[in-house]
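Undergrad: If you want the building blocks of each chain, they are given just below.
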Amino acid sequence: MIPASFDYIAAKSLDEAISLLGKHKDDAKILAGGHSLLPAMKLRLMQPKVLIDLGRIRDLSYIKEDAGQIRIGAMTTHFQVEISDLLRRSCPLLPETASHLGDMQVRNKGTIGGSLAHSDPAADWPAAILALDAELVATSAKGDRVIKATDFFIEMLTTALQPGEILREIRIPSGKGKPAQAYVKVRHPASGFAVVGVAVNLSIDGGKCQSAGIGITGVSPKAYRASKVESALKGNALDAKTLSSAAAHAGDGVDVNSDLYASAEYRKQLATVYTRRAIELAASRAK
Amino acid sequence: MKIEGSHKIDAPRDRIFAALVDPSVLQKCIPGCEQMEKTGENQYKARLTAGVGPVKGVFTATVSLEDIVAPEHYKLVVEGKGQPGFVKGSGELSLKDADGTTEIQYTGDVNIGGLIASVGQRMIQATANMLAGRFFKSLESETAGNNPVSSTGT
Numbered sequence: 001m002i003p004a005s006f007d008y009i010a011a012k013s014l015d016e017a018i019s020l021l022g023k024h025k026d027d028a029k030i031l032a033g034g035h036s037l038l039p040a041m042k043l044r045l046m047q048p049k050v051l052i053d054l055g056r057i058r059d060l061s062y063i064k065e066d067a068g069q070i071r072i073g074a075m076t077t078h079f080q081v082e083i084s085d086l087l088r089r090s091c092p093l094l095p096e097t098a099s100h101l102g103d104m105q106v107r108n109k110g111t112i113g114g115s116l117a118h119s120d121p122a123a124d125w126p127a128a129i130l131a132l133d134a135e136l137v138a139t140s141a142k143g144d145r146v147i148k149a150t151d152f153f154i155e156m157l158t159t160a161l162q163p164g165e166i167l168r169e170i171r172i173p174s175g176k177g178k179p180a181q182a183y184v185k186v187r188h189p190a191s192g193f194a195v196v197g198v199a200v201n202l203s204i205d206g207g208k209c210q211s212a213g214i215g216i217t218g219v220s221p222k223a224y225r226a227s228k229v230e231s232a233l234k235g236n237a238l239d240a241k242t243l244s245s246a247a248a249h250a251g252d253g254v255d256v257n258s259d260l261y262a263s264a265e266y267r268k269q270l271a272t273v274y275t276r277r278a279i280e281l282a283a284s285r286a287k
Numbered sequence: 001m002k003i004e005g006s007h008k009i010d011a012p013r014d015r016i017f018a019a020l021v022d023p024s025v026l027q028k029c030i031p032g033c034e035q036m037e038k039t040g041e042n043q044y045k046a047r048l049t050a051g052v053g054p055v056k057g058v059f060t061a062t063v064s065l066e067d068i069v070a071p072e073h074y075k076l077v078v079e080g081k082g083q084p085g086f087v088k089g090s091g092e093l094s095l096k097d098a099d100g101t102t103e104i105q106y107t108g109d110v111n112i113g114g115l116i117a118s119v120g121q122r123m124i125q126a127t128a129n130m131l132a133g134r135f136f137k138s139l140e141s142e143t144a145g146n147n148p149v150s151s152t153g154t
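First to last, the sequence lines map onto chains D and L.
Note that our numbering has the first sequence beginning at 1, numbered continuously upward.
Note that our numbering has the second sequence beginning at 1, numbered continuously upward.
Incorrect hints may appear among the rest.
To be verified - Under the rule of at most 20 angstroms between Cα atoms (straight-line distance), these lysine-lysine pairs were calculated in the PhoX-like manner: (1) L:Lys-56 - D:Lys-25; (2) L:Lys-56 - L:Lys-28; (3) L:Lys-56 - D:Lys-42; (4) L:Lys-56 - D:Lys-49; (5) L:Lys-75 - L:Lys-8; (6) L:Lys-8 - L:Lys-28; (7) L:Lys-75 - L:Lys-88; (8) D:Lys-234 - D:Lys-208; (9) L:Lys-137 - L:Lys-8.
No wet-lab data here; the hints were simulated from the structure.
So that you can see chain D by itself, here it is in the shape it has in the complex (with noise of 0.2 angstroms):
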């Protein structure tokens, strides 16, 4: 339980976290809170010989409006996602998705880009970043480079960030209206993962579903957009047939993982369940 000898630097910038990063290279690995990396290197199933601390870099941690977009700092903390008074305004999902996430140590230290870099399949955050049509922001001695949610999770554990690059912000497009947004989850007793995790995010006009968001995780082996499901709410007033109907195509075109806790059947079940639960509670949420 004690991780293998390792250098530690606390970079004061970005731009010095990015020229270190372009130094160490794959030697090093970015702490950005740790509640993943430090656990994994304590097991010595990581080995990174150092590790470069985002935690000092103040202007990585903020929330914002500008320009029809909410901008949230990689380094934000779940805490501070979850009391955010912008966010609990115009999107609650964010707030109401990290009030599930892990335990208050986990919380309050562990940070959003951290883990959406980390791109754990049991992960909170990327059911919601998917539901919301987010983009990333990676950085790299290049510049900046816009990744699309949809793009961004490759598979388990591996995203589309490139080596040299750093996740810097998250940023969701400002809904009009009242919001109707949910995240419903099934939690894994011991690890608080989800073992399903469902995101909402609908536009409702005139009672009828104008689109929709809808995120999953915990599922397959990578978060997903569940586009049948999408498809079968759009243009369609959100009675309980057509909810039913919809979310049936919950574990459509996915590899369902089955692991002691779950099995696939089960989990596939969950998943339509949970996905039907959560749309019901978005829409009543609009009313």
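Assemble the complex: chain D is given as a structure, and chain L must be docked to it using the hints.
TA: Leaving out everything else, chain L in the frame of chain D:
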């Protein structure tokens, strides 16, 4: 843990079977395999870095090929040990002609123990499926299209 599935490759069965028993091809196709050394008839010693994303462990393994019936079937027995745990398993591979392509069916039983099994439990099945997928993808690029198809008419 059970692993099973099938994979279709657009190449003749003979060529794929030859690749599947060729240690130099296996080394290229097994994800993370750095070294493969012959220790006896159809027996090999391998060194591989296996894992997913940044989480990796180094394993040394013995690999033996048994019950070889060319060009349709063999059994692969693997025993590996490394810092994060051990892997012990065997798998059967069957090749079938399928409309000019070859279908490989595989089924295996794998025991994983030690640290990797206790902390990585929820990701092991998905990792195994992913590694199997990568193996067949590499096998596909090794066998399909490279050389002109031999005209032995089998």
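Undergrad: Is the hinted pair Lys-56 of chain L and Lys-28 of chain L satisfied, with a Cα-Cα distance of at most 20 angstroms?
TA: 18 angstroms, holds
Undergrad: With the threshold set at 20 angstroms, check whether the alpha-carbon distance from Lys-75 of chain L to Lys-88 of chain L stays at or below it.
TA: Between Lys-75 of chain L and Lys-88 of chain L the Cα gap is close to 14 angstroms, so the pair holds against 20 angstroms.
Undergrad: Straight-line Cα separation of Lys-56 of chain L and Lys-42 of chain D no greater than 20 angstroms?
TA: Since the Cα atoms of Lys-56 of chain L and Lys-42 of chain D sit roughly 14 angstroms apart, the hinted pair holds (cutoff 20 angstroms).
Undergrad: For a C-alpha distance cap of 20 angstroms, please report whether Lys-56 of chain L and Lys-49 of chain D respect it.
TA: Cα-Cα ~14 angstroms, so holds.
Undergrad: Within 20 angstroms, alpha carbon to alpha carbon, are Lys-137 of chain L and Lys-8 of chain L?
TA: Holds, because 10 angstroms separates the two Cα atoms, which is no more than 20 angstroms.
Undergrad: Are the Cα atoms of Lys-8 of chain L and Lys-28 of chain L separated by 20 angstroms or less?
TA: 19 angstroms, holds
Undergrad: Taking only the CA atoms, is the gap from Lys-56 of chain L to Lys-25 of chain D under or equal to 20 angstroms?
TA: 17 angstroms, holds
Undergrad: Could you grab the alpha-carbon distance between Lys-75 of chain L and Lys-8 of chain L and see if it respects the 20 angstroms cut-off?
TA: Cα-Cα ~19 angstroms, so holds.
Undergrad: Holds or violated: are the alpha carbons of Lys-234 of chain D and Lys-208 of chain D at most 20 angstroms from each other?
TA: 8 angstroms, holds
Going through the hint list in order, the structure satisfies each hint without exception.
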